[in-house]
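Peer 1: Spelled out, the chains give:
There are 2 protein chains.
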Amino acid sequence: MNKNKKLILASCSPRRRELIKLLGMPFECISVDADESTAHTNPEAAVKEIASKKAHAAFSERESSANEIIIGADTVVVYNEKMLGKPSDDADAEKTLLSLSGKKHFVYTGVSLIYTNKEGALSELSFAEKTDVYFAEISLSDIKKYIATGNHKDKAGSYAIQDEFSVHVKGINGDYNNVVGFPVARIYQELAKIL
Amino acid sequence: MNKNKKLILASCSPRRRELIKLLGMPFECISVDADESTAHTNPEAAVKEIASKKAHAAFSERESSANEIIIGADTVVVYNEKMLGKPSDDADAEKTLLSLSGKKHFVYTGVSLIYTNKEGALSELSFAEKTDVYFAEISLSDIKKYIATGNHKDKAGSYAIQDEFSVHVKGINGDYNNVVGFPVARIYQELAKIL
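Chains as they are written, first to last, in my numbering: chain A, 9 to 203; chain B, 9 to 203.
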């Protein structure tokens with residue numbers, strides 16, 4: 009695997025920036041203002057589409073180079089066949105966390121890679137990774153304490169698995185970093201095929 | 009749950025110190041020199057016994073107080089019904105990682121809590137948590153690169169799931185922090201019963 013290409017992450021979220029380092033390749037991040045709407049009701053198709061829109065937004069902002077790989081990523085939480093994005097306010101976050109308490113939900117992260125293939129043609133590869141997440145029963149008082157930290161803001165499903173909320177996560181089935189928002193293991197496998 | 013009691017961690021491993029913070033309680037760590045041998049061949053019994061030995065070593069070093077809870081923890085990796093501890097040297101780590109490549113293994117962490125119960129009696133509670141871990145196929149060159157980082161030293165199974173090795177971990181079934189070496193979610197649930 010040629011690790012000399014440069015990764016351009018179409019997001020400057022601190023979580024994704026931490027995780028992209030694990031790939032051991034040079035990288036840079038660009039904040040993009042992509043349209044995050046989708047007509048898809050299937051979560052896998054939805055996150056792949058939004059990840060692709062983010063990657064294309066970064067691509068059009070940047071002088072393209074055959075030596076760069078642009079990466080867009082988007083994460084949603086799915087419970088009861090409904091896609092949950094970021095909470096609109098604290099009351100919405102409380103309602104979401106109460107509904108997830110004691111239950112299983114799914115986290116989907118879509119990833120889109122824009123790159124120049126071995127034949128020199130501009131190409132795009134998109135995929136989605138799914139992880140099941142099991143919450144313990146959470147008291148209303150614990151939910152209120154968590155929301156008071158402010159960490160739920162800007163998080164799909166109103167929680168972050170890597171912060172103090174982790175005491176309520178009994179287990180997962182799948183890739184942990186996918187729940188954080190960036191499935192590094194799957195990305196590494198896919199990069200190995202194209203590099 | 010009374011979060012005013014103080015946790016005394018019978019280990020100053022940086023990973024366990026980071027994770028114990030997630031419980032949101034005051035804590036302190038003590039390095040102990042406990043006997044880590046066990047006659048048990050059952051991994052659950054083995055990690056519970058060693059965790060208990062660590063907790064007792066901390067208990068005997070310390071002026072006991074009804075306001076403190078002593079926590080010992082021990083982690084092993086199990087593959088092919090064999091318990092794998094820390095690697096003896098780099099060659100041993102390479103052999104271990106090659107054998108785990110492309111396969112499923114199990115991680116067991118045993119935890120022992122020494123505390124004063126609600127009736128004022130000194131008590132001990134021990135439990136073990138198990139997580140299944142699935143590795144992707146890993147090339148010998150990737151294994152050698154990982155060993156060159158030195159991060160495998162002092163790690164049961166010769167890897168840390170939270171560092172650059174994570175690109176080789178396809179997924180898990182169970183608690184992620186249990187693989188890191190400290191199952192905070194289960195510990196939180198057990199503390200809620202005794203506090």
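Because the hints were derived from the structure by calculation, they are not lab data.
Treat the hints with caution; some may be incorrect.
Because identical chains cannot be distinguished in the list, a pair is counted as satisfied if it fits within a single copy or across any two copies.
As the list claims (entries may be wrong) - Taking lysine-lysine pairs in the PhoX-like style, the calculated list, with each CA pair at most 25 Å apart, reads:
1. Lys161 x Lys201
2. Lys138 x Lys112
3. Lys201 x Lys178
4. Lys111 x Lys126
5. Lys153 x Lys138
6. Lys163 x Lys178
7. Lys163 x Lys126
8. Lys161 x Lys13
9. Lys138 x Lys178
10. Lys14 x Lys163
11. Lys90 x Lys163
12. Lys112 x Lys11
13. Lys201 x Lys90
14. Lys178 x Lys111
15. Lys201 x Lys112
16. Lys161 x Lys14
17. Lys153 x Lys14
18. Lys163 x Lys29
19. Lys152 x Lys29
20. Lys126 x Lys161
Peer 1: Evaluate each hint against the coordinates.
Peer 2: Evaluated hints:
no.	hint	in the structure
1	Lys161 x Lys201	neither (36 Å within a copy, 30 Å between copies)
2	Lys138 x Lys112	both (13 Å within a copy, 19 Å between copies)
3	Lys201 x Lys178	between (34 Å within a copy, 16 Å between copies)
4	Lys111 x Lys126	neither (45 Å within a copy, 31 Å between copies)
5	Lys153 x Lys138	neither (29 Å within a copy, 29 Å between copies)
6	Lys163 x Lys178	both (19 Å within a copy, 23 Å between copies)
7	Lys163 x Lys126	neither (37 Å within a copy, 39 Å between copies)
8	Lys161 x Lys13	neither (34 Å within a copy, 30 Å between copies)
9	Lys138 x Lys178	both (17 Å within a copy, 11 Å between copies)
10	Lys14 x Lys163	neither (27 Å within a copy, 31 Å between copies)
11	Lys90 x Lys163	within (16 Å within a copy, 40 Å between copies)
12	Lys112 x Lys11	neither (37 Å within a copy, 27 Å between copies)
13	Lys201 x Lys90	neither (33 Å within a copy, 34 Å between copies)
14	Lys178 x Lys111	both (10 Å within a copy, 24 Å between copies)
15	Lys201 x Lys112	between (33 Å within a copy, 23 Å between copies)
16	Lys161 x Lys14	neither (31 Å within a copy, 30 Å between copies)
17	Lys153 x Lys14	between (41 Å within a copy, 20 Å between copies)
18	Lys163 x Lys29	both (21 Å within a copy, 21 Å between copies)
19	Lys152 x Lys29	between (33 Å within a copy, 19 Å between copies)
20	Lys126 x Lys161	neither (41 Å within a copy, 38 Å between copies)
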